[in-house]
Amino acid sequence: MQHFIDFFSFTDPNVRYVVLGNVLLSASAAMVGVFILLQKKALVGDAVSHAVLPGICAAFLFSGSKNTAFMLVGAFITGWLALITIDYIATKSKLKKDAAIGLVLSVFFGAGMVMMTYIQQSGNAAQSGLDHFIFGKAATLIGTDLVIFSVLAAVLLVAVGLFFKAFALVAFDRPYAEALGYPVRKLDLLLTSLTVLAVVTGITAVGVVLMAAMLVTPGAAARYWTDNIRRMVAIAVAFGVFAGLAGAYISYTAPAMPTGPWMVVVSSIIAFVSFFFAPKKGIVPKLYTQRKNQRIIAEENTLKMFYHLGERNSHFKGKRDLSELIHTRQVNETLLKTTLRRLATKQLLIAHGQQWALTDVGYQKAARVVRLHRLWELYLTQYMDIAADHVHDDAETIEHILTPELERELEHQLGYPKKDPHNTEIPKI
Amino acid sequence: MIAFWIILTGALVAVTCGLLGCFLILRKMSMVGDAISHAVLPGIVIAFLLSGSRETLPMLLGAGATGLLATFLIEYFHRRANLQTDAAIGVTFTFLFAIGIILISVFAGKIDLDQDCVLYGEIAYVPIDLWVTPGGTILGPRPIYILSAVLLIVILFIKFGYKELKLTSFDPAFASALGISTALWHYLLMAAVSLTTVSSFESVGAILVIAFLIGPPATAYLMTHDLKQMLAITAALGIVISVVGYWMAYWLNASIAGCMAVITGLCFATVFVYQRIRVTHKRLTHPEPATD
Chain A
1 MQHFIDFFSF TDPNVRYVVL GNVLLSASAA MVGVFILLQK KALVGDAVSH
51 AVLPGICAAF LFSGSKNTAF MLVGAFITGW LALITIDYIA TKSKLKKDAA
101 IGLVLSVFFG AGMVMMTYIQ QSGNAAQSGL DHFIFGKAAT LIGTDLVIFS
151 VLAAVLLVAV GLFFKAFALV AFDRPYAEAL GYPVRKLDLL LTSLTVLAVV
201 TGITAVGVVL MAAMLVTPGA AARYWTDNIR RMVAIAVAFG VFAGLAGAYI
251 SYTAPAMPTG PWMVVVSSII AFVSFFFAPK KGIVPKLYTQ RKNQRIIAEE
301 NTLKMFYHLG ERNSHFKGKR DLSELIHTRQ VNETLLKTTL RRLATKQLLI
351 AHGQQWALTD VGYQKAARVV RLHRLWELYL TQYMDIAADH VHDDAETIEH
401 ILTPELEREL EHQLGYPKKD PHNTEIPKI
Chain B
1 MIAFWIILTG ALVAVTCGLL GCFLILRKMS MVGDAISHAV LPGIVIAFLL
51 SGSRETLPML LGAGATGLLA TFLIEYFHRR ANLQTDAAIG VTFTFLFAIG
101 IILISVFAGK IDLDQDCVLY GEIAYVPIDL WVTPGGTILG PRPIYILSAV
151 LLIVILFIKF GYKELKLTSF DPAFASALGI STALWHYLLM AAVSLTTVSS
201 FESVGAILVI AFLIGPPATA YLMTHDLKQM LAITAALGIV ISVVGYWMAY
251 WLNASIAGCM AVITGLCFAT VFVYQRIRVT HKRLTHPEPA TD
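So the sequences go chain by chain: A and B.
According to my numbering, the first sequence is numbered sequentially starting from 1.
According to my numbering, the second sequence is numbered sequentially starting from 1.
Source of the hints: derived by calculation from the structure; they are not laboratory data.
Take these hints with a grain of salt, some might be off.
To be verified - Pairs of lysine-lysine, DSSO-like flavour, derived with a Cα cap of 30 Å: (1) A:Lys-96 / B:Lys-166; (2) B:Lys-159 / A:Lys-94; (3) A:Lys-96 / B:Lys-282; (4) B:Lys-159 / A:Lys-97; (5) B:Lys-159 / A:Lys-96; (6) B:Lys-282 / A:Lys-319; (7) A:Lys-337 / A:Lys-418; (8) B:Lys-163 / A:Lys-319; (9) B:Lys-282 / A:Lys-40; (10) B:Lys-228 / A:Lys-94; (11) B:Lys-163 / A:Lys-96; (12) B:Lys-28 / A:Lys-186; (13) A:Lys-97 / B:Lys-228; (14) A:Lys-419 / B:Lys-166.
Claimed, not checked - So the derived list for chain B, only partly shown, Cβ under 10 Å to chain A, looks like this: (15) Met-1; (16) Ile-2; (17) Ala-3; (18) Lys-28; (19) Ala-65; (20) Leu-68; (21) Phe-72; (22) Glu-75; (23) Thr-92; (24) Gly-205; (25) Thr-264; (26) Gly-265; (27) Phe-268; (28) Thr-270.
Said to hold, decoys possible - Covered, in the sense of this in silico footprint (three residues per stretch, anywhere, with C-beta under 8 Å from a C-beta of chain B), are these stretches of chain A: (29) 33-45; (30) 355-365; (31) 376-389.
Fair warning: this is a prediction, and the values are worked out from it, not measured in the lab.
All C-beta atoms, glycine included, are put in the ideal place defined by N, C-alpha and C.
Could you put the whole structure together from the sequences, leaning on the hints where they help?
Structure representation (C-alpha cells):
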C-alpha cells in the first residue's frame, strides 16, 4: 500500500518523469494506432520501428554523440523511407502488402545491424547505450528527453485533432473521400508521417519489437467496445494511458521489472479481455446469443412437432410420447428431452408421466410458427415464382425470425390466404 | 574453413526458410513468419529454465511450442473474435515477446540469454560450436547437423505434401472439395515454419530468418509464375545471398547476418527495378494499356 501511495503522490521527480513520459508515449501511439488499424495497416508500425535502426546509427555516425534530437531526426527519416518503400512495392508489383512489410523490415534492420557493428568497432566511447534506442529503457527517461517527447506528443495530438474527420473518412470509405475531393494521397502521407513520429517517440521506451503493440493493441481492444470512431479513439487512449501507468507502477514496486514489456503485457491483457468479453462483439457474448438462438429454434421446432401430429387427427392437445415425436422429425433424442423439459417449465407443455401435451399457450405458439412457415412458403411461390417443392427449407429458417409486423404485411400482400402451396391449412390465431 | 562453415550455415538457413517462405507468400501469410520468429522467445526462456542448459532439444521443443501457440492464437482471434489478421498478428507476437523479456529480467541471474541474441543471433560463433564425440573426434559445427536435418525434413515435407500444399495455397475451396483438410495443412506448414525458425534463430537471428523467409521467395515470385521454378529460384538465390553476404561482411568487417539481409534487399531491388523498367518500356513501345 505504501508503494501505491508513494507512487501516486508523484513526489519523487523520477517517478514523475517516467510516468509522464510513459503516459504521453502510449497515449499518442494509441491515438495514431486507431487510424492505422482501421486502414488495415497494423503491422506497418512493426516495420517502421525496425526501420529506424539505420537512421539512429546514421545520426550517431554523423554527429558522433547520442544527442536525442539528432537520433530522432535520423530515425524519422529512415522510418518514413521504409513506409514509402512498402507502399511503392505493394502498389507497383504483384507482391502483397504483408510481404512488402516483412521484406522492408528485415532489410532495413539488417542495414542497421551492419552500421551498428561498424560503430562498435569504431571505438567511439559514446556508443555505449546506443542499443537503448533499440531495446528500450523507459525507466531511464530524463528531463530533457521528456521535453522532446512532450512536444512530439503534443504535435501528434494537435495533428490528429485537426484532421480527425478526414482521417476517419479515409479509413472507412476511401472512394467516397476521393469523390468528395479530399486530398487522399496527401492525407495518407500525413498519417504515415504521424505514425513514424509516434514510433520514433515511443521506441526509446519500449524498444523495436514492442512498439508495434503500443500502436495497435489499444486500438484493437477499443474496436470491440464501440462502433463510433470518436469513442474508439477515446477508449484506445484510455487503455494506452492505463497501460502506461500500470507499467510504470509495476517497475516502481519491483525494480527488476522492465517497464516497456509490462506496458505491453497489460495492454495485451486488456485486449484479450475485450476479445472475449466485450458486449456484443466478444467471443463469449457472441457464443451466448448463438446458444440462445439455437435454444429458441429447438423449442419452436419441438412445438411444431406437436402441431403436425395434432393436424393428423385434429386433436392438437393430445398426449404424445417420445417415439411418436421422433417419428415426425429427425432429432437428437437427448436434445429433444431437454427441450421438452424446458418447454414444460415454461408451461408451454404439460408432462403426463412419459407423455407430453400442448397447453393452451403452447398451442398458440406452435400454431404461430406453423403459420409463419406456411405464409412464407406461399409468399415464395406467389411472388418469387419458386416451385412449391423448393420452398420448405427457406421457410424452415425464416419462421423463427419473422416479426408480427412482417406477419401482418405478408398476410395483407397475400390476401389473407387459407391454404399454403401444399394445400394444407394455414392456422389462424 | 571458418568461412566455409559460416557460408554453409547461411545457405542452409536461406534454402530452408526460402522454400517454406514461397508458400507463405502465396498464402499472403508472410508476416506470420515474422510473428513466429519473435514469439519463440518465451518458449526458449522456459525451456532454458526447465532444462538448465542450452541443449538443443529442449530449446527446439519450447520454442516450437510457443511458435505454434502464436499461430493458434492468431487463427483463433481472427476466426472467433473476427479480429482483422494483421491486428491479430501484431497483438499476439508482441504479447509473447514481452512475456519473454519479462521472464528474462525475472531470472536474469540464471539465464545466459538476452533479447539481442534472438534478434541478431551470432552466425560467427557457428564454427566454434563444435560437435565432439565422447571419443574426442571432432565432427564439425553442431548447428550444421541440426540445420541439415531441418532442411531434409522441410524438403521431404514439401516433396510429399507438394500437391496438398499447392492446392491449399492457391485454391482452398477446391482443396476442401477434394477432401484435403486446409486446417491440417495450415498447421503442418506453421509447424514447419516454427521448426525452421527455432533451429535457425540461434545461429542467424530472427531478423535474418525473416529476411530469408520473405526476401528470396518475393524476388522469385516477381520472376516466375510457376511454383516449381519459384522454389528453384528461391533456393539458388538463398545460396548466392549467403556467399555474397559473407564476403561483404568480411570486406566491411561488419555483422554477417546484417550483410546477408542487405544483400537480400539488393537482390529484390534489382529484380524489382528491372521489372519496372520493362513495364514502362512496354508501355512506351506498345501504347495499349498493359494487361497486368
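Evaluation of the provided hints:
Simply put, Lys-96 (chain A) and Lys-166 (chain B) have alpha-carbon atoms about 18 Å apart, close enough for the 30 Å limit, and the pair holds. With a C-alpha separation of about 26 Å, the suggested pairing of Lys-159 (chain B) with Lys-94 (chain A) holds against the 30 Å cut-off. Between Lys-96 (chain A) and Lys-282 (chain B) the CA atoms are separated by roughly 23 Å; this keeps the pair inside 30 Å, and the hint holds. Restraint check: the Cα-Cα separation between Lys-159 (chain B) and Lys-97 (chain A) comes to about 29 Å, which is no more than 30 Å; the hinted pair holds.
Restraint check: the Cα-Cα separation between Lys-159 (chain B) and Lys-96 (chain A) comes to about 26 Å, which is no more than 30 Å; the hinted pair holds. A hinted pair counts as satisfied when its Cα atoms are at most 30 Å apart, and Lys-282 (chain B) with Lys-319 (chain A) does not qualify at roughly 82 Å. This hinted pair does not check out: Lys-337 (chain A) and Lys-418 (chain A) have alpha carbons roughly 34 Å apart, beyond 30 Å. Distance check on the hinted pair: Lys-163 (chain B) and Lys-319 (chain A) sit about 59 Å apart at the alpha-carbon level, beyond 30 Å; violated.
The hinted pair formed by Lys-282 (chain B) and Lys-40 (chain A) fails the criterion: a straight-line CA distance of about 33 Å is larger than 30 Å. For the given pair, Lys-228 (chain B) sits about 18 Å from Lys-94 (chain A) by alpha-carbon distance, which is consistent with the 30 Å threshold. With a C-alpha separation of about 23 Å, the suggested pair Lys-163 (chain B) and Lys-96 (chain A) falls inside the 30 Å cut-off, and the hint holds. Restraint check for Lys-28 (chain B) and Lys-186 (chain A): satisfied, since their Cα atoms lie roughly 28 Å apart, inside the 30 Å limit.
In summary, the hint linking Lys-97 (chain A) to Lys-228 (chain B) is supported, as the alpha carbons are separated by about 23 Å, within the 30 Å threshold. Between Lys-419 (chain A) and Lys-166 (chain B) the alpha-carbon distance is near 55 Å, which puts this suggested pair outside the 30 Å criterion. Nearest Cβ of chain A to the Cβ of Met-1 (chain B): about 22 Å, over the 10 Å cut. The hint is violated. Interface hint at Ile-2 (chain B): violated, since its Cβ lies 17 Å from the closest Cβ of chain A, which is beyond the 10 Å cut-off.
For Ala-3 (chain B), the interface hint is violated, the least distance from its beta-carbon to any beta-carbon of chain A being 17 Å, above 10 Å. The interface hint given for Lys-28 (chain B) is met, as the beta carbon of that residue sits about 5 Å from the closest beta carbon of chain A, less than 10 Å. A cut of 10 Å between beta carbons decides the hint on Ala-65 (chain B): the least distance to chain A is about 19 Å, and the hint is violated. For Leu-68 (chain B), the interface hint is violated, the least distance from its beta-carbon to any beta-carbon of chain A being 18 Å, above 10 Å.
Nearest Cβ of chain A to the Cβ of Phe-72 (chain B): about 14 Å, over the 10 Å cut. The hint is violated. Interface restraint check: Glu-75 (chain B) against chain A, minimum CB-CB distance 13 Å, threshold 10 Å, status violated. Look at Thr-92 (chain B): its Cβ gets to within about 8 Å of chain A, closer than 10 Å, so that hint holds up. Residue-level restraint check for Gly-205 (chain B) holds (minimum Cβ-Cβ distance to chain A is 8 Å; threshold 10 Å).
Interface hint status for Thr-264 (chain B): upheld, as the beta-carbon distance to the closest one in chain A is roughly 6 Å, under 10 Å. For Gly-265 (chain B), the shortest C-beta to C-beta distance to chain A is roughly 3 Å, which falls under 10 Å, so the interface hint holds. Given the 10 Å rule on beta carbons, the hint for Phe-268 (chain B) holds: about 6 Å separates it from the nearest Cβ of chain A. At about 13 Å, the closest approach between the beta carbon of Thr-270 (chain B) and any beta carbon in chain A exceeds 10 Å, and the interface hint on this residue is violated.
For the stretch 33-45 of chain A, the stated coverage by chain B is satisfied: 6 residues place a CB nearer than 8 Å to a CB of that chain, which reaches the threshold of 3. For the stretch 355-365 of chain A, the proposed coverage by chain B is not satisfied: 0 residues have a C-beta within less than 8 Å of a C-beta in that chain, short of the threshold of three. Proximity of the stretch 376-389 of chain A to chain B, defined as three or more residues with a beta carbon under 8 Å from a beta carbon of that chain, is not established by the 0 residues found.
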